[in-house]
Amino acid sequence: MTDVILTGTVTDALGLTASMPVTVTSTTADPWATLDGRANAPTGAPQYPTALNGYAVRPPWKVAGVDYRVGINTGVVLKPALTGTLPSGVSRNTTAHSFTITGSNVVLDSWDFSQNGGWNVGVTGANARITNCKFMCGANANPPIDSSSSATNIYIGYCDINGNGQDVGMGGLITDLGHGFTVEYCWIRNSGSDMMQKHGQGGAIVIRYNIVEQGGKLAGSHGDYTQILNGPSTAYIYFNFSQQTGGSTQGFMTEFLTEGSVKNNTLIGGCSYWTSVDISSLVTTMTMTDNYVDATAFGFRYPNATNSKLIYSGNKDLKTGNAIPA
Amino acid sequence: MHQHLKRKRRMTTTTYTGTVTDSSVPPQTFSTTIILTSTPPPLAMTIAAVPQSAPANTPRTVTEVATGGTPPYTYTLTGPGVNLSNATGVFSVTV
Chain A
1 MTDVILTGTV TDALGLTASM PVTVTSTTAD PWATLDGRAN APTGAPQYPT
51 ALNGYAVRPP WKVAGVDYRV GINTGVVLKP ALTGTLPSGV SRNTTAHSFT
101 ITGSNVVLDS WDFSQNGGWN VGVTGANARI TNCKFMCGAN ANPPIDSSSS
151 ATNIYIGYCD INGNGQDVGM GGLITDLGHG FTVEYCWIRN SGSDMMQKHG
201 QGGAIVIRYN IVEQGGKLAG SHGDYTQILN GPSTAYIYFN FSQQTGGSTQ
251 GFMTEFLTEG SVKNNTLIGG CSYWTSVDIS SLVTTMTMTD NYVDATAFGF
301 RYPNATNSKL IYSGNKDLKT GNAIPA
Chain Z
1 MHQHLKRKRR MTTTTYTGTV TDSSVPPQTF STTIILTSTP PPLAMTIAAV
51 PQSAPANTPR TVTEVATGGT PPYTYTLTGP GVNLSNATGV FSVTV
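As given, the protein sequences belong to chains A and Z, one line each in that order.
Residue numbers for the first sequence follow our numbering, so the first one is 1 and each next one is one higher.
Residue numbers for the second sequence follow our numbering, so the first one is 1 and each next one is one higher.
No wet-lab data here; the hints were simulated from the structure.
Note that the structure is predicted; figures quoted are calculated from it, not measured.
One side of the interface only, derived from the structure: several residues of chain A facing chain Z at Cβ under 8 Å: (1) 4; (2) 5; (3) 9; (4) 25.
Cβ coordinates follow ideal geometry from the N, Cα and C atoms, glycine included.
Using the sequences and the hints, build the whole thing.
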């Protein structure tokens, strides 16, 4: 803090004067305030406020799920998927328990897709927005969200997506066959296998301000938090919180990218590797910096290689505060 | 808090004349004069900044209010990089 003293003086018509000081305090602005996601987070208590207790260090920013809540906005009343009134550009199949977003710029907001054995939302249109929706996989074995090759720029925000350890086939809880997607402020958990998959078409992937936890819960699975296939894609993965106990999964795998970054994530527990890179697909760089990690399995990254297109710096071990070697 | 007053308050005077006349013929009168002296209340001021505490480079409103003395008033605000003057006492500064 810095104090500045200003002095006010008043002079009356006869030339008499009176003076008085006032102290103005300048606080130090938090450089993370507009970066770490807190500004647009849902209200309500974070899911895991004590998750970082006991570590030697913690990130200097506010962590999703630890310092602020993610998921469905507080107070939202969810519409039942079976009977709710559909917005234009959306169709419903009550036998298959699925919605299809065929229109462009459709907003699918505040729906409960967790009932009736679990629903699927498929996207074929452009610029769909799926917000404040609750998914939980069940007896129908429906993947929560997927898209066809015609889909572009899907936005998934403020959703609760619970895989419930169910087998939903070869895809993930979110599977994009289209042209890029953004996932933010979501609570994504308990996938039977993968959390998020990207196939073909390329496009930009943005994954930020989420809790992504507990993947690969199905016996015999080989999960990934992200699996990116057949690019070229770019991926920017930052300010997420992940924890993993049990299950069998890898973390944020970033193959088939031309460029990307995995930055400022907080990662705890037993992913086989928290990150991986396919150097051969990179055109520019992959930046993996300033992640805080408690890796209890193989480690933070794969491969443990040096390459001009790989930038590793500022990653820290939560347990010791020491830098993770570049 | 510090306050500095230059104590040179100027006095103002008002002259009143009283006259009494009796009922005699011819009437007799008597007059006398009284001079009343008054001084204005001492000049004083208050000052406040809103917000008082905020991140650096935040606009603040500093308000000065004078009492006593003899209006009209002229207000000034000085400090590091600040040298302002007006007749309202309300200043906007970025600190």
